[in-house]
Amino acid sequence: MKRIFQILIIALIVPLLSFGQEDDQVMKARAGKFALTNAKIYTVTNGIIENGTLIINNGIIEAVGANVTIPDDAEVIDCKGKEIYPGMIDSGTKVGLQEIESIDVSQDYSESGALTPQMQALTAVNPNSAVIPVTRVSGVTTVWTTPSGGFLPGTAAAINLFGYTPDQMFAGAKGIIMNFPSTAGGGRFRRRSPEEQAKATERALKTVNDAWDKAELYAKIEGANDVRNYPEIEALVPVVKGEMQLFIEANAAKDILAAIDWVKTRGYKKVVLTGVSEGWRVAEEIAKSKIPVIAGPIQAIPTRGSDRYDAAYANPGIMSAAGVKVALRTGDTENVRNLPYHAGFAASYGMGREEALKAITINAAEILGVSNSIGSIEVGKKANVFVSTGDPFETASKITDLFIDGYKVPMTSQQIRLYDEFLDRTPGVKKNDPAIKIIKK
Amino acid sequence: MKKNILILTLILFTGFVANAQVKKGDVLIKNATVLTITKGTLENTDVLVRDGKISRIGKNLKAPNGVQEIDATGKFVMPGIIDAHSHIALSAVNEGTSQVTAEVNMGDVIDPFDVSIYRALAGGVTSTHALHGSANVIGGESETLKLRYGTTNPEEMKFEDAPRTIKFALGENPTRGGRSRGIQPSSRMGVEAMLRNSFNDAVAYRAKWDAYKADKNPRKVAPEYDLRMETLVDILDGKVLVHCHSYRADEIYMLMKVFTDFGIKKLTYQHANEAYKVASELAEFGAGASVFADWWAYKLEVYWSTAYNATILTRNGVLTSINSDSGELIRHLFHEAAKTQKYGDLSDDEALSLITLNPAKQLGIDNRVGSIEVGKDADIAIFEGHPLSVYAIPVMTFVDGVKYFDRATDIDDQRIYINPEETVENISIFNRHDEDRCMEEGVVSFEALFSNKK
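Same order as they appear, the protein sequences are chains A and B. Quick note: the first sequence uses our numbering, first residue 42, plus one each step. Quick note: the second sequence uses our numbering, first residue -3, plus one each step.
Looking at chain A on its own, in the form it has when it is part of the complex:
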């Protein structure tokens, strides 16, 4: 009897001890076959499935629906009372390209020179950036990570937020970034007279147009024998040929219209407008051009002092109502985790929840050119999905399970580990601590 009691005690204590050891264990992602059951599934493209099941196998969504047979060898995750969504996509970030904002040696998003379209963001993505787990545990599984600075800063890439090499993270689409020469003022530190500004814009446009003229010529003579190596021009050729997308950053209303005209004149087919802070002023014109947009950040102040206070919140909704296809971005690096809140604000101020959800899932995937593999919950698509305790736009909701590329990714990050360590620190306050003599007196 005594012996049985001892065994019982040991049986009870051993698991506790190993739980205590959890800190030292490395949490790794797992591949395999998973069945997520009893969930409310937001497919985005095929409505909502109440009490549905989602089967993930070999990285792919194998089945989804209300009447799905659960394979015997699947690991079952009961999602009763929870909701499943396709992983959220942020269509404009510097994730992986910047670790600490004030330390320039930790930044790799900007190369010297104004015309550097051949520079590859994907090359400089740091798969081990602390920012990545912090972002993905909030349900953002894919980001468009972009170079910046100059007129043609480089080639952006869509990356999934899990993987150990840039290629493991690559989500299948790249695009050329262009900053449309701005007619707006230079911001708060560089005020110019309207004449100076007009001249600067003209000069800038000439530089940009020269590059594209060369690219068009290059596209024609590409096959010829002694075309010299000209990487920055060669990088633009796929855009000229309509094989790659061009992302044009334009924010002031005047610049958006000028960019639309420019695209029409050039005749480029695969174009996206980004930023579009003043898109609401020219929403009809954007809609007419049929060019999709990536708008954001949404939690932003208006561009002009005279604007209504909620202009930035309302911007995506106004464009969407005019018939523009809209995706959203935070434009952030370390707080891309707030993407659902940017979407939530857009939803509240006119866009509506359904459109806002599309703007960070299927619309984003279509605009970036990755909708064949991600952006919705459909059989055959990549298993980029998360399980949430409720509406993921709602601030208090929590993500409980996360799959990227079919891997069950551990729900941990630098910030969660610090929480676990410091919520109830050991040791706490020491006796006779010199810092707290006041109280003891």
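Simulated from the structure, these hints should not be mistaken for lab results. Built from N, CA and C at the ideal position, the CB exists for glycine as well.
No farther apart than 30 Å at their CA atoms in a straight line, the calculated lysine-lysine pairs in the DSSO-like style are these: (1) B:Lys295 - A:Lys69; (2) B:Lys262 - A:Lys471; (3) B:Lys399 - B:Lys19; (4) B:Lys235 - B:Lys49; (5) A:Lys329 - A:Lys305; (6) B:Lys262 - B:Lys357; (7) A:Lys439 - B:Lys35; (8) A:Lys295 - A:Lys331; (9) A:Lys439 - B:Lys295; (10) B:Lys49 - B:Lys35; (11) B:Lys58 - B:Lys372; (12) A:Lys215 - A:Lys329; (13) B:Lys204 - B:Lys262; (14) B:Lys71 - A:Lys439; (15) A:Lys295 - A:Lys255; (16) A:Lys471 - B:Lys357; (17) B:Lys58 - B:Lys26; (18) A:Lys366 - A:Lys439; (19) A:Lys422 - A:Lys282; (20) A:Lys449 - A:Lys121; (21) A:Lys471 - B:Lys253; (22) B:Lys204 - B:Lys235; (23) A:Lys247 - A:Lys282; (24) B:Lys261 - A:Lys471.
Just the calculated beta-carbon pair ranges, DEER-fashion: (25) A:Gln66 - B:Thr405: 52 to 62 Å; (26) A:Asp461 - B:Pro219: 52 to 62 Å; (27) B:Asn56 - A:Lys329: 49 to 59 Å; (28) B:Val370 - A:Pro468: 44 to 54 Å; (29) B:Asp402 - A:Gln209: 49 to 59 Å.
Just some of the chain A residues that point at chain B, by a computed CB distance under 10 Å: (30) Ser179; (31) Asn292; (32) Ala353; (33) Arg394; (34) Leu464.
Go by the hints and put chain B onto chain A.
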């Protein structure tokens, strides 16, 4: 002569009264869900405001003659939000010419024309703590404001009788100037030394004046008067609340030791991204923390931050608030507070306290604002949807019972000053990192000071 003095007194007195004459309102808010913060949530409840104060809270209240009624059925009423860290409504932020500038006062640089004030009101904010920047170890005195937008008199922006506060700064910002110019402080060691030197000077200064006052010799000579030292002495005497820009746990701990040695008790840490690491020490000392909900990684000293900071501090008994330090973030502090429910399950009252009662306590104005209670100032925000929901929309904001924001009826352009020289309105594309952040402004100020560039 006597007559002249009388007239002079009369003029001064009239001037004083005119300055202090802020607008006070009367209003009856009907049938709302009232989030009192201190006394729970009251359904279908009315709030009666008389002469700028909350006079009654109850059901089926009747509007006295001439008092406007607002139907708030289905809406949420909460105390006006208080931002314990802001640089809006200021025409200058940093006096960076010396590492100790306790003699300057933000009350002298209030800018009532800043349209950011209206935008903050449109986020339910009624009070801000207009802080000096973080360029130096001991900065200037700060000013607590009420957002009475529309007045052109800076005096009317001041929160009457709010306690004096002063800004201190530790870490990267105050050492940046020293590091680049090879002078002290160039390290966190130098910051501590500078603090101790300053307070030792103040102790000596106080002793000189005490000796002078005690001296009965009619031919005594007064010591030199020094405004900087006067302020430091007031800190030693507990007359000024210290709000200290800080990030790392070690520097937070250091200041508690210095303050212990000089007997200074009234201390709130600003930003304090690593306060969670010394939460138990803060609780024991009785210091507060005013933090961001989730900002991090913008510099090395905030790399090991956690969005659970506010929760860890709250659970360890530290008086905690959530602030903006930004002309953008200030517009949705209710949403920032809600993040503590994602990062750590704070209750609704705990989360809302972070932006109402707790910052009020940290500023010493909790006898006037921070909760919906009879007798308190009628600084009130009305929301469509629960303020902790991402879908919440602030619809009306009152200060002293006067409505300063109404989403339904306000015109779009809310500027009260338009530059007559401006022919085309300047368009500035939002970048959250240059929105009124004291750390950025500190850098600009230093560069402007020590280079020829403007």
